[in-house]
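Mind docking chain H on chain R? Use the hints.
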Amino acid sequence: MINLIKNEIYKVKPGKIVLSWIILILLFFIFIKFVKKSAFVLSFNLIPFVGIFEILFFSGIISDEIDRGTFRFYLTKPVSRHRIYVSKMALIIGYSYISVLIIIIFTSIFEAKIDIFYVSKYLTYSIPIFTISGQILYFSSKIRSKSFTICFCILLFSFSLLITQFLLNMDLKFIIFTPLPYLDFSIFENPENLEVLNKTYDINLNLKSGVLLDTVYMTLFYLLGLKSFVKKDIKN
Amino acid sequence: MIKAVSVRNISKSINGKKILHDINFDIYEGEKVGLVGPNGAGKSTLLKIMTGLYNYDTGEVSYYNFDLKNDFEKAMSIIGTLIEYPDLYYNLSGKRNLEIFKTMFKNVDEETVKEIVKIVEMEKYLGKKFKTYSLGMKERLGIASSLINKPKILILDEPTNGLDPVGVKKIMDMLKNMKDTTIIISSHMLSEVENLCDKVIFINNGTIINIKNKKERGVKQKCLVSFVVDDYSKAKILLNKYAVNENLEVYANNEEISKINKELIFNNVSVYRILEKNTLESEFFEMINDKPN
Numbered sequence: 002m003i004n005l006i007k008n009e010i011y012k013v014k015p016g017k018i019v020l021s022w023i024i025l026i027l028l029f030f031i032f033i034k035f036v037k038k039s040a041f042v043l044s045f046n047l048i049p050f051v052g053i054f055e056i057l058f059f060s061g062i063i064s065d066e067i068d069r070g071t072f073r074f075y076l077t078k079p080v081s082r083h084r085i086y087v088s089k090m091a092l093i094i095g096y097s098y099i100s101v102l103i104i105i106i107f108t109s110i111f112e113a114k115i116d117i118f119y120v121s122k123y124l125t126y127s128i129p130i131f132t133i134s135g136q137i138l139y140f141s142s143k144i145r146s147k148s149f150t151i152c153f154c155i156l157l158f159s160f161s162l163l164i165t166q167f168l169l170n171m172d173l174k175f176i177i178f179t180p181l182p183y184l185d186f187s188i189f190e191n192p193e194n195l196e197v198l199n200k201t202y203d204i205n206l207n208l209k210s211g212v213l214l215d216t217v218y219m220t221l222f223y224l225l226g227l228k229s230f231v232k233k234d235i236k237n
Numbered sequence: 003m004i005k006a007v008s009v010r011n012i013s014k015s016i017n018g019k020k021i022l023h024d025i026n027f028d029i030y031e032g033e034k035v036g037l038v039g040p041n042g043a044g045k046s047t048l049l050k051i052m053t054g055l056y057n058y059d060t061g062e063v064s065y066y067n068f069d070l071k072n073d074f075e076k077a078m079s080i081i082g083t084l085i086e087y088p089d090l091y092y093n094l095s096g097k098r099n100l101e102i103f104k105t106m107f108k109n110v111d112e113e114t115v116k117e118i119v120k121i122v123e124m125e126k127y128l129g130k131k132f133k134t135y136s137l138g139m140k141e142r143l144g145i146a147s148s149l150i151n152k153p154k155i156l157i158l159d160e161p162t163n164g165l166d167p168v169g170v171k172k173i174m175d176m177l178k179n180m181k182d183t184t185i186i187i188s189s190h191m192l193s194e195v196e197n198l199c200d201k202v203i204f205i206n207n208g209t210i211i212n213i214k215n216k217k218e219r220g221v222k223q224k225c226l227v228s229f230v231v232d233d234y235s236k237a238k239i240l241l242n243k244y245a246v247n248e249n250l251e252v253y254a255n256n257e258e259i260s261k262i263n264k265e266l267i268f269n270n271v272s273v274y275r276i277l278e279k280n281t282l283e284s285e286f287f288e289m290i291n292d293k294p295n
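Read top to bottom, the protein sequences are chains R and H.
Sequential numbering of the first sequence, starting at 2, is according to our numbering.
Sequential numbering of the second sequence, starting at 3, is according to our numbering.
This is chain H alone, in the form it adopts within the complex:
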């Protein structure tokens, strides 16, 4: 496997406060990696460091062996970025905005731009000024600007922020279809990350607390499950020792779920369904030691 991204010993302080401590990870070609953590965990800082927007105190970042500091132009020529809100030049048309970004790459031709515009379904709106676009259109043009060089690596920070469900689905489907592209995505919508990513990096208080592959997840892991039963009051009393909440939801591993199920059936409570809530969400709460309500 070819190493696409290497982050080594990255530390960063802002105004004397340590924001990131000794961050290390590798990402291999074609992997889709989610960056997950609570607000203020350091996700955006890390992504800004990885895209050259922030300097860093120690460590190194490299893309296909191009060091971000020493080979900035070579490193950036193979990555595409969409960091936070898509703020392009609001007084210029979508077309002019893309032209500006096109000129910053050496080998981007008109055909590639047209192809990208088609992918994000913006052909009809390119002539209009950016400031007249809806949030979804802005986001799509932002994505077009990050795909303009057909990047090998795509770095996205909250790419679906503020989008309606249709917009979210369009963008997530598009990202899923980019099979050969290595994607690093940070999002608060854990279901998005779960559906898209092969690997998840959990980050909290500026430190990586865990890196998990999709295959590894969900076997011994606790998750949030909800029991749908015929006799709610009886089930609530029976399950009190398992710390269930008002919705008969419990944070448990496979063994515990099976035990609870047996206990309900043994006490003549019919279990209609056991619904598993978002696995990643459960893992996330477990990682940051904060159980969901």
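One chain only, chain R, in its complex shape:
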């Protein structure tokens, strides 16, 4: 499995990944310099960047290989499609975890302390980026279009709350049982806004439901992506 993950790293180019981490660190220092808030608070603003990098780097993780025909070689070697899928999943999850850890480490170094409350809160607030990674794998495997996956995931990730409000305005309340309102946990940092939203639409968005729904849908996306990857014919 380690070798398969290594192969995946070569394919997405290790340099690109390292560069994204350097950008995250630079952004951290830019925020510190220009925004007068504590490093703990500012670090939460870096989570969406991890999500965006994840979408940009991995949206073609399956569809690109089909389009370019490399799967005609890669999938005809003695490794099951399950294992290949898991190696791709491990790369995306690994990238996200390391990115999150880098931010935690730099924040802790900057604040000169390890705050367990901060770390646990930060890890909780990072859950949506793992849901996004599930979405990426699912769409890349099912729809097999990199551009669709990028556009759709960025749209959902960047405007999740706006789309949620739009759908609630149309009285489509089922939306609160989907991960859509919970693709960005920053709303829970602002209790007044959350209360207004809950009262306006007579709903109950809360962090606990967010964690639960995100986890359930993340698992579902990973499994559906796997099913699609294993079952479908490689036509190109």
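For the record, the hints were derived by calculation from the structure and aren't laboratory data.
Among the hints, a few may not be true.
Think about it this way: if two alpha-carbon atoms lie no more than 16 Å apart in a straight line, the pair counts; the simulated EDC-like pairs of lysine to aspartate or glutamate are [to be verified]: (1) H/Lys-178 <-> H/Glu-196; (2) H/Lys-120 <-> H/Asp-175; (3) R/Lys-143 <-> R/Glu-190; (4) R/Lys-236 <-> H/Asp-89; (5) H/Lys-5 <-> H/Asp-69; (6) H/Lys-236 <-> H/Asp-200; (7) H/Lys-5 <-> H/Asp-182; (8) H/Lys-214 <-> H/Asp-28; (9) R/Lys-233 <-> H/Asp-59; (10) H/Lys-19 <-> H/Asp-69; (11) R/Lys-236 <-> H/Glu-194; (12) H/Lys-171 <-> H/Glu-123; (13) R/Lys-232 <-> H/Asp-59; (14) R/Lys-7 <-> H/Glu-101; (15) H/Lys-71 <-> R/Asp-65; (16) H/Lys-19 <-> R/Asp-234; (17) H/Lys-97 <-> H/Glu-75; (18) H/Lys-126 <-> H/Glu-160; (19) R/Lys-209 <-> R/Glu-190; (20) H/Lys-104 <-> R/Glu-9; (21) H/Lys-224 <-> H/Glu-251; (22) H/Lys-152 <-> H/Glu-194; (23) H/Lys-214 <-> H/Glu-33; (24) H/Lys-20 <-> R/Asp-65; (25) R/Lys-236 <-> R/Asp-65; (26) R/Lys-143 <-> R/Asp-234; (27) H/Lys-224 <-> H/Glu-258.
Reference listing, derived: stretches of chain H covered by chain R, where coverage requires no fewer than 3 residues with Cβ under 8 Å from a Cβ of chain R [to be verified]: (28) 69-81; (29) 225-233.
These figures come from a predicted structure and were not determined experimentally.
C-beta atoms are modelled at their ideal positions from N, C-alpha and C, and glycine is treated no differently.
Just chain H now, with coordinates in the frame of chain R:
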């Protein structure tokens, strides 16, 4: 004889359209088998099923008794594949590409890789990125990647597509020299298949229409022959009843050829040469009921 490949009752539909109907054949160890048929006959679909790229509706494929569905990893560890165009990782060097494939096998060492690279004559170019390679180099690296595990069975779909005659010859010579390897090759270049293969599977409209061994072919079989004579106009009139074309080519069996020859000589037309066109090509046209022009 040891059975290397067994294909049983394979059927496949795509979007409700039946592409393959009940395909059955066996291939024995060391045999070189050609898969021949017109475009859209189902050759590539069959090869993609045999290499695990396509699922199939019914039937089973096995390599040395390893079932492709249930023992995928064991089955694939003894085969090498080159399906259509050699699309490897274009941003990586040839060496890195081979390393990627090497890690997917359990017992492939560095020496084997070097040996394979030497066979395909790519030693000098391994450091360069795949995207900078010429088509011939890409094809050779593709073949190297399919030989990396020293496969017992090699499955090739149009391995010489787009290559110049020198490239084609190199690859065909290499395949001919692989005496112990069972080879299944699909190619539009029937002369390649004819030179290499002991057995030919004719496929049309998703069905096997015939399987022929080299020894069986060419005795009672019709073939395309061309007569080179001194008096073209007279010969053309004499041979009209045999449906000859403008080049004095006729599609006939041995008996008919002899009869035509006698008739020409009897009518004082000197026959300089009787040229047999590609036998397999003639058989192919006969199988698909389409005579060449």
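Against the structure, the hints:
1. H/Lys-178 <-> H/Glu-196: The given pair, whose Cα atoms are some 12 Å apart, holds under the 16 Å limit.
2. H/Lys-120 <-> H/Asp-175: holds (15 Å)
3. R/Lys-143 <-> R/Glu-190: violated (35 Å)
4. R/Lys-236 <-> H/Asp-89: Measuring from Cα to Cα gives roughly 13 Å; hence the hint holds.
5. H/Lys-5 <-> H/Asp-69: Within the cut-off at roughly 13 Å; holds.
6. H/Lys-236 <-> H/Asp-200: violated (41 Å)
7. H/Lys-5 <-> H/Asp-182: holds (13 Å)
8. H/Lys-214 <-> H/Asp-28: Within the cut-off at roughly 12 Å; holds.
9. R/Lys-233 <-> H/Asp-59: Since the Cα atoms of R/Lys-233 and H/Asp-59 sit roughly 12 Å apart, the hinted pair holds (cutoff 16 Å).
10. H/Lys-19 <-> H/Asp-69: violated (26 Å)
11. R/Lys-236 <-> H/Glu-194: It is violated: about 26 Å lies between the C-alpha atoms, which goes past 16 Å.
12. H/Lys-171 <-> H/Glu-123: Holds, because 14 Å separates the two Cα atoms, which is no more than 16 Å.
13. R/Lys-232 <-> H/Asp-59: Holds, at about 12 Å.
14. R/Lys-7 <-> H/Glu-101: Answer holds: R/Lys-7 to H/Glu-101 is near 11 Å, not above 16 Å.
15. H/Lys-71 <-> R/Asp-65: Between H/Lys-71 and R/Asp-65 the Cα gap is close to 25 Å, so the pair fails against 16 Å, i.e. violated.
16. H/Lys-19 <-> R/Asp-234: Within the cut-off at roughly 15 Å; holds.
17. H/Lys-97 <-> H/Glu-75: Violated: H/Lys-97 and H/Glu-75 sit about 24 Å apart, past 16 Å.
18. H/Lys-126 <-> H/Glu-160: Violated. H/Lys-126 to H/Glu-160 sits at ~25 Å, over the 16 Å cutoff.
19. R/Lys-209 <-> R/Glu-190: holds (14 Å)
20. H/Lys-104 <-> R/Glu-9: holds (14 Å)
21. H/Lys-224 <-> H/Glu-251: Roughly 12 Å separates the two Cα atoms, so the pair holds.
22. H/Lys-152 <-> H/Glu-194: Not satisfied, since the Cα-Cα distance of roughly 23 Å exceeds 16 Å.
23. H/Lys-214 <-> H/Glu-33: Cα-Cα ~13 Å, so holds.
24. H/Lys-20 <-> R/Asp-65: The given pair, whose Cα atoms are some 28 Å apart, is violated under the 16 Å limit.
25. R/Lys-236 <-> R/Asp-65: This hinted pair holds, its Cα atoms lying about 13 Å apart.
26. R/Lys-143 <-> R/Asp-234: Cα-Cα ~11 Å, so holds.
27. H/Lys-224 <-> H/Glu-258: holds (9 Å)
28. 69-81: holds (count 7)
29. 225-233: violated (count 0)
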